[in-house]
Structures are given as structure tokens and as C-alpha cells.
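There are 2 protein chains.
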Amino acid sequence: MSTGYLVVPEGADYEALSLPVLSQNKGDGPRLLITGGNHGNELEGPLVARRLIDWLPEAQICGMVTIVPELNPLAVQAWTRNTPVDGKNLNREFPGRADGSVSERIADAITRVLLPIADTIFDLHSFGPKWDIPPSVILHPIADANLMAKAVRMAEGFKLPVTLVWEHNETAGMFDTVAHNQGKVLLCTEFGGGTVGANDLAIYEAGVRNALIALGLVDGKAEPPIFRQKKSSRTLETLTSDELRSPARGIFEPRCSVLEEVKQGDLIGVLRSMESLSAGPIEIYSPTSSIIYGIRSGGYVETNGELAYLARSLKR
Amino acid sequence: MSTGYLVVPEGADYEALSLPVLSQNKGDGPRLLITGGNHGNELEGPLVARRLIDWLPEAQICGMVTIVPELNPLAVQAWTRNTPVDGKNLNREFPGRADGSVSERIADAITRVLLPIADTIFDLHSFGPKWDIPPSVILHPIADANLMAKAVRMAEGFKLPVTLVWEHNETAGMFDTVAHNQGKVLLCTEFGGGTVGANDLAIYEAGVRNALIALGLVDGKAEPPIFRQKKSSRTLETLTSDELRSPARGIFEPRCSVLEEVKQGDLIGVLRSMESLSAGPIEIYSPTSSIIYGIRSGGYVETNGELAYLARSLKR
Chain A
2 MSTGYLVVPE GADYEALSLP VLSQNKGDGP RLLITGGNHG NELEGPLVAR
52 RLIDWLPEAQ ICGMVTIVPE LNPLAVQAWT RNTPVDGKNL NREFPGRADG
102 SVSERIADAI TRVLLPIADT IFDLHSFGPK WDIPPSVILH PIADANLMAK
152 AVRMAEGFKL PVTLVWEHNE TAGMFDTVAH NQGKVLLCTE FGGGTVGAND
202 LAIYEAGVRN ALIALGLVDG KAEPPIFRQK KSSRTLETLT SDELRSPARG
252 IFEPRCSVLE EVKQGDLIGV LRSMESLSAG PIEIYSPTSS IIYGIRSGGY
302 VETNGELAYL ARSLKR
Chain B
2 MSTGYLVVPE GADYEALSLP VLSQNKGDGP RLLITGGNHG NELEGPLVAR
52 RLIDWLPEAQ ICGMVTIVPE LNPLAVQAWT RNTPVDGKNL NREFPGRADG
102 SVSERIADAI TRVLLPIADT IFDLHSFGPK WDIPPSVILH PIADANLMAK
152 AVRMAEGFKL PVTLVWEHNE TAGMFDTVAH NQGKVLLCTE FGGGTVGAND
202 LAIYEAGVRN ALIALGLVDG KAEPPIFRQK KSSRTLETLT SDELRSPARG
252 IFEPRCSVLE EVKQGDLIGV LRSMESLSAG PIEIYSPTSS IIYGIRSGGY
302 VETNGELAYL ARSLKR
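Protein chains in written order, with our numbering: chain A, 2 to 317; chain B, 2 to 317.
Same shape as in the complex, but just chain A (with noise of 0.2 Å):
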């Protein structure tokens, strides 16, 4: 086991960063590239990253693993999800560049340095604070059906409540689409809620094991967690078409909660325009028979922002 620093480069905005990083060769295997800190005010991930480190040098038996809990300390410790240096979102500046901003070498010391060394990647990710998901494992379509089909697999060996296939309109400069160009798995855990509670790490860090169970490269049972009083696993996903948006500005006030199953026509909430008290309440009903993967929960909406994301088995 080895623990080093990823040094990103000085730049014209910004003095270079140590980006700490641990990494264990066990020999023939997978190589997995576990990264946290992509955004900044998601802190599931650091912490999560911090637990695996605590347990994994001992009980890996195989392959070669590479933790980075921060890709993006700035962000982390502003507990925001753009980089307050430059204002950019390092999830959409890959592959990077050496010459840009920070989030822009960022990017590139992670492309050129990290990315070469891994086969697979789980960038751990939380939905941020202004929305409630369940735990959830993501993938955004891959083009080529072999690699999708291998990542649909990778993603259902966490086990977790949800397995989405997201269909997403920007995807450019995404870590996970310089991964896939590259015929990587890249797989994302999202977890929701805004809070950092010691039941929700529980689980998150029992979907990591159970994907590391799968990949072979630690030992051990793999079993759902516990979810609200559930232990159950299913795969959906959701189009751009299933993005419930706001007709207006105003405060959401959720009337369902995730993995509810609603039928067309069903309240999903209710929203609230505070300039005005004699302005009723505009009521959301659902457009479909749908699954409710996330709804909006904190945060003033405007026009056309989202409210919900709805969801539906995974066709295969």
C-alpha cells in the first residue's frame, strides 16, 4: 500500500495542489479508480472514500485499487459544487487542459495521470442539497452495446435500491464520457437528501463493498442494505422526457416521496409562488405512470427548473 499526491500544476489563477492519494497492486485483477470530491457539496463521497481506506489495504486480495477521496479540494472545503476559484464545474471540463483554470488542470492531471492506470472507475457522488434521491447507482447511455450491456452488470453488483440508466443531454466534458471513449466503465453513486447521516454512509459504503465483492477483488457476501425498511434492488431509467419542470418561480413543496409509483394524473406537489397570497397553489400531477427516482427539496425554483425526475423499468 502506498499513499502519494496527485499534484495538479500551478497556474495563472491558482497555486498547485496536492491532491492525496492512496494505491494497493495485489497483482492480476481489476483496476479500479475510486474518486470522490467531484463536487464539492457532496460529501458522501470524501467520507466514504476515508472508510474504504480504513478497511480496504487489509481485505483486497487482487488487482490494483487507487482511492482519491477529493478531486476537488476547493470545492470541498467551500462546500459548494462549482469550484469558487473559477466558477466551473469540474464534471463538465474533462478531459481538461494544462494551460486552463484550475478546474480545467484539475481535469487534466486526472485524465492524463489517473485515468490510464484503471479500467474501472465509481466516482462517488450525493445529489447535493437541494434534492432527495434514493441510494442510487448511475449510468448515462454508452453508445457501444457491449461496454452498456458490461456496465448495466457492474452497476446492479452494488445492490443498491436503484440502478438508473440516465439519458442525459449534456454529457460533454463529463469524466464519465472521456472514460467511456476510452472503453472504460465509469459508474457513478448518487445518494440524496442534503444531509450526511450515519445510516445513509452505511449504506453507501455497503453498495461500494458489494461492487467490490462483485469485481472480485475483496472477499465476502454481497447483500442489498437496507433502505426504509427495505432490502430490495431494481434497475429503471429516465429520459430527458420524464424531467418534471417548473411552470414558475417560486417554492416546491413535495407531496410524494422517492420510489413512490404514481399513475398519470397523480399530485407529485405543489407550487408555490410566494409574491402573492391570493395566487393559489399550482398543483404538479404526474404526465405518466411513473416511478419518482428524485423530487426536488430545498432551494427557490424558477421557471422552467426541475421538479422531479420520474423513472420507469430499465428495457432491455
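A few of these clues could be false.
To be verified - When the alpha-carbon atoms are kept at most 30 Å apart in a straight line, the in silico BS3-like pairs for lysine-lysine are as follows:
no., chain 1, residue 1, chain 2, residue 2
1, A, Lys232, B, Lys316
2, A, Lys222, A, Lys232
3, B, Lys27, B, Lys222
4, B, Lys264, B, Lys231
5, B, Lys222, B, Lys316
6, A, Lys231, B, Lys151
7, A, Lys231, B, Lys232
8, A, Lys185, A, Lys27
9, A, Lys316, A, Lys231
10, A, Lys185, A, Lys264
11, A, Lys232, B, Lys231
12, B, Lys222, B, Lys151
To be clear, the hints were calculated from the coordinates, so they are not data collected in a lab. None of the values given here were measured: they were computed from a predicted structure.
Based on the hints, put chain B in the right spot on chain A.
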């Protein structure tokens, strides 16, 4: 029933604001003011205020109720604790200044126009996105023992999981302090967890309805709402010496949940210094036998930042 606006006059830093106000006078009885949105990243208050406006006009049987869903619309729209224009915490600016910055002018308008027409104030807060706490009604100690006893009784009328007497070193400038100095009862409802969820809103609304029943403003039977599978209410106190503070910078990983009873020496959580992977976790233990009232659940923690609030049964 009448709706109107509380006008906060224009000043050097910002234009005039019009805060929507609902008022209903049904003769003799308590004169209650209900306010939300004192802090802008606590959206439960504005939402519960709007839900009250949906049913109170029919349900109110006596007295006068005035509702202002958003005391600080600038902060609510920005989803920030403080007012973005002047960077001030509205709840430290009371009684305010007519010729001050916009936060001071809001406080002044509330103190001059709204406070005189009420004998009781419910200021609907939540704990912001970085803390987990149970649904509670809190009050700071009041020097006048009779007023204090009356306030505790009224707080217990919410029948929420916790009624909390909170010793606080910095009460200057709080809305509470100004109200108490005028012999009025001001209670704050507090909800933790960052996210606004359907279940939490139902508990919050039930608590406020219980308090309205206890005041005789509406008919009905008060029932403790169900929180984590339990129906119970307890009255606690937390002292300034019950604040557990961080020995270093890092990310806090909670290892316990709110309302858990801990003994002296029990593990509360673990602080992860993120600068080096060889630095082990710093374990945080409970210094006394206590009940966990609040636990840090998000955001990077600075040295000496609060990690937890311990509590114990109120001595009467």
C-alpha cells in the same frame, strides 16, 4: 380575512419591498403573529405558513391571526441564511433601524408595524442544510420567570418530539429578545435535515395546528405527530457547555442519530482531516450522558465549529 403588504421602505442599498401579509380578526382571543422566511435557506416556514393560509380562514374561531410567510424574501429567493444585499443575518438585527441597510429596515418594519398587534409570535424556522435535528419548538431562557413558565407551557402545546430550552450566548438582536422585552411570548419552530420533504411538512403543520388548538384559536384534538415510528414529546434543555466543537478542520462523519441517548465516552462521530491520508480519523466522544439534539450533517467544518448539540431533560 384580508390580504395586504407590509412595506419596507426604500433605502440607499435597495428598493422598497412589499411583504405579503394575511390577517384575520374574529374578535376576542389571542393575537397571534406567524412568520416564516426569517432565514432564507429554511423553506419549511414559508411553506407551512402558506398551508395555514389554505385552511385557517375557515377554521379560526376567535382572536386575531396575522401571517407573513416570508420575512426576508431576498434571502429566500437566494436560498441563503443571510440577506445577499447587505450580508446581514436578519435575526441579529432586531429591533432594526429605519435608516439602516435593507436587513435593518426589514427588522424595523416588523418591530414597528407587526409586533405591536400581537401578544404571541411563532417564528417558523428550520435548521438549514448543514444540520440534522428533530422537529422541535425552541425558546431561549427568559429572565421573567412567569413569562418563561408561560412560554414553556405554550411550546409544549405543539406536542412536537422536542420542546427545547436553548441557552445561547448571542441573543442580542434576535426577534425573540425584542418580543420578550415587551412581555410577549415568541417561540421558534425548528426542523432539521436540509431537505423539505412531504412527511416533515406534515409533522411541522401538525405541530403548528396543535399549538393553535392549545391557544383556543381553532377547534380540534391535539395529537403528537409520528416521527420515526414514535408518538412522543419531551422537554429538554441545552446549555452553552453542551456544544460539542471540532478540534480540527475537516469533514464530520456522524456515528449517531438525533434523539439517541448516549453515555459518557460513547462515540458521537469521527472527524476526517482531508489534507493527508495518513492522518487517522479523530474520534469525537460524548463528554457526558446526554440526548443528541442536533448533529452536524453537511459542510466543511472549521476548527472550533459546532459538531453536535447535546441536551438533557429540563430541570423545572
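**Report entry** Given hint lysine 231 (chain B) paired with lysine 232 (chain A) - CA-CA distance at most 30 Å
**Finding:** Holds, at roughly 22 Å.
Requested in this report: Compare the distance between the alpha carbons of lysine 185 (chain A) and lysine 27 (chain A) with 30 Å, and conclude whether the hinted pair is satisfied.
Outcome: 20 Å, holds
Query - Restraint status (C-alpha distance of lysine 316 (chain A) to lysine 231 (chain A) at most 30 Å) - result: Between lysine 316 (chain A) and lysine 231 (chain A) the Cα gap is close to 24 Å, so the pair holds against 30 Å.
**Report entry** Distance restraint between lysine 27 (chain B) and lysine 222 (chain B), which requires alpha-carbon spacing of 30 Å or less
**Finding:** OK: lysine 27 (chain B) and lysine 222 (chain B) at ~21 Å, within 30 Å.
Requested in this report: For the pair we were handed, lysine 232 (chain A) and lysine 316 (chain B), check the Cα-Cα distance against 30 Å.
Outcome: 43 Å, violated
Query - Proposed proximity, lysine 231 (chain B) with lysine 264 (chain B) (alpha carbon, max 30 Å) - result: 22 Å, holds
Query - Pairwise hint evaluation, lysine 264 (chain A) against lysine 185 (chain A), where the allowed Cα distance is 30 Å at most - result: With Cα atoms ~38 Å apart, lysine 185 (chain A) and lysine 264 (chain A) exceed 30 Å; violated.
Requested in this report: For the pair we were handed, lysine 222 (chain B) and lysine 151 (chain B), check the Cα-Cα distance against 30 Å.
Outcome: Status holds; Cα separation ~21 Å.
**Report entry** 30 Å Cα cutoff - pair lysine 222 (chain A), lysine 232 (chain A)
**Finding:** Roughly 15 Å separates the two Cα atoms, so the pair holds.
Query raised in the report: Are the Cα atoms of lysine 231 (chain A) and lysine 232 (chain B) separated by 30 Å or less?
Result: This hinted pair holds, its Cα atoms lying about 22 Å apart.
Query raised in the report: Under the criterion that the straight-line Cα-Cα distance not exceed 30 Å, is the pair lysine 222 (chain B), lysine 316 (chain B) satisfied?
Result: Roughly 28 Å between the alpha carbons, so the hint for lysine 222 (chain B) and lysine 316 (chain B) holds.
Query raised in the report: Do the alpha carbons of lysine 231 (chain A) and lysine 151 (chain B) lie within 30 Å of each other, as the hint requires?
Result: Measuring from Cα to Cα gives roughly 44 Å; hence the hint is violated.
Hint compliance for this structure: hints 1, 6 and 10 are not met, and every other hint is.
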